[in-house]
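Asker: Sequence:
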Amino acid sequence: MNANRRHVLACAALALAAPGAVLAQKPTIRIIVGFPPGGATDAITRAVADRLPAILGQPVIVDNRPGAGGRIAADAVLAAPADGLTFMVAPNATPTFLTLVPGHNIKWNILRDFTGVASIASYPLGMGVAANTGVANAREFIEWAKKNPGKASYGTPGTGGQNAFLGLQLSKTAGIDLTLAPYKGSPPMVNDLVGGHVASAISLMDGLMAHHRAGRIRVIGIFTKERSPLMPDIPTFAEQGIDVTSGEGWTAMWARAGTPPAEIQRVEAAVRQVLDMPDVRELMVNRLWAYPKFRSGAETESAQRAELAHWDPIIKASGFRAD
Numbered sequence: 055m056n057a058n059r060r061h062v063l064a065c066a067a068l069a070l071a072a073p074g075a076v077l078a079q080k081p082t083i084r085i086i087v088g089f090p091p092g093g094a095t096d097a098i099t100r101a102v103a104d105r106l107p108a109i110l111g112q113p114v115i116v117d118n119r120p121g122a123g124g125r126i127a128a129d130a131v132l133a134a135p136a137d138g139l140t141f142m143v144a145p146n147a148t149p150t151f152l153t154l155v156p157g158h159n160i161k162w163n164i165l166r167d168f169t170g171v172a173s174i175a176s177y178p179l180g181m182g183v184a185a186n187t188g189v190a191n192a193r194e195f196i197e198w199a200k201k202n203p204g205k206a207s208y209g210t211p212g213t214g215g216q217n218a219f220l221g222l223q224l225s226k227t228a229g230i231d232l233t234l235a236p237y238k239g240s241p242p243m244v245n246d247l248v249g250g251h252v253a254s255a256i257s258l259m260d261g262l263m264a265h266h267r268a269g270r271i272r273v274i275g276i277f278t279k280e281r282s283p284l285m286p287d288i289p290t291f292a293e294q295g296i297d298v299t300s301g302e303g304w305t306a307m308w309a310r311a312g313t314p315p316a317e318i319q320r321v322e323a324a325v326r327q328v329l330d331m332p333d334v335r336e337l338m339v340n341r342l343w344a345y346p347k348f349r350s351g352a353e354t355e356s357a358q359r360a361e362l363a364h365w366d367p368i369i370k371a372s373g374f375r376a377d
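My numbering puts the first residue of the sequence shown at 55, with every later residue one more than the last.
Any given hint could be a false lead.
As the list claims (entries may be wrong) - In silico lysine-lysine, BS3-like type, Cα no more than 30 Å apart, as pairs:
#	residue 1	residue 2
1	Lys-80	Lys-226
2	Lys-226	Lys-279
3	Lys-279	Lys-201
4	Lys-205	Lys-226
5	Lys-161	Lys-201
6	Lys-347	Lys-279
7	Lys-161	Lys-238
In short, the hints are calculated from the structure, not lab data.
Could you put the whole structure together from the sequences, leaning on the hints where they help?
Answerer: This is the structure:
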């Protein structure tokens, strides 16, 4: 091989390697998630995070820090420098209920110590019931619960969150006694629901719909004001005469307050670009039972203020306190 040909091949090899080399040279962005791998929040986060390196030109990793309802992850973000390299993705329930439920003893304020980057997705929360209850809709479940007070339990992934308070609202509105059965995450809760070991469960729909379609459980309703286009055959509790409509969840990205605005805006724009991708929409809608829903950082903070205002009187009236 002559010298000219070797030179051309060497240059071509360098050109092919250059994007990866440049990517590796830039600092890594960490997105901290307060829930285990495989859950809905983790899956939604990865749908976005996996596509960010190509847009931002630097590596992006997801760092799972499960525990304490998302508090461990939030604390980790606040312990990191405000340099645009550490972010948190969390469902609306994490800052809302950690803030409002007495007993959590958090040392931060979501609107003072964090900055909204972007909202990513929205989704309904619903209730599935075990097949061995024999019920087909919300009204039948209420009648069953009245006849079986010792068996009328509802599973939730943890205590003191949106799922748990939806169950309290349902219990109060319907005049039934439902016993909270908290689990360490959705997978064991759904397993017990399918096995008939817990009468019902309140969850994101990604954990329920496959079993509902297969006839292993029955989804009797969702806690939103209107039916979801994601599952138009599932009725709302409201249309069945049970006025519990606080069950829309959403997931957003946050940064530590003080992060340079240019870094916030750069990541916000990248998230928006990802959510416009057809394959991301297909993944979220058809596999995760969620809608890609972009909101700017400012709009995310406004939505969080509305969440706090909505749930504050409900939580105070319940008298619930975290252990």
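Asker: Under the constraints set out in the numbered hints, which ones does this structure not fulfil?
Answerer: Structure breaks hints 1 and 5.
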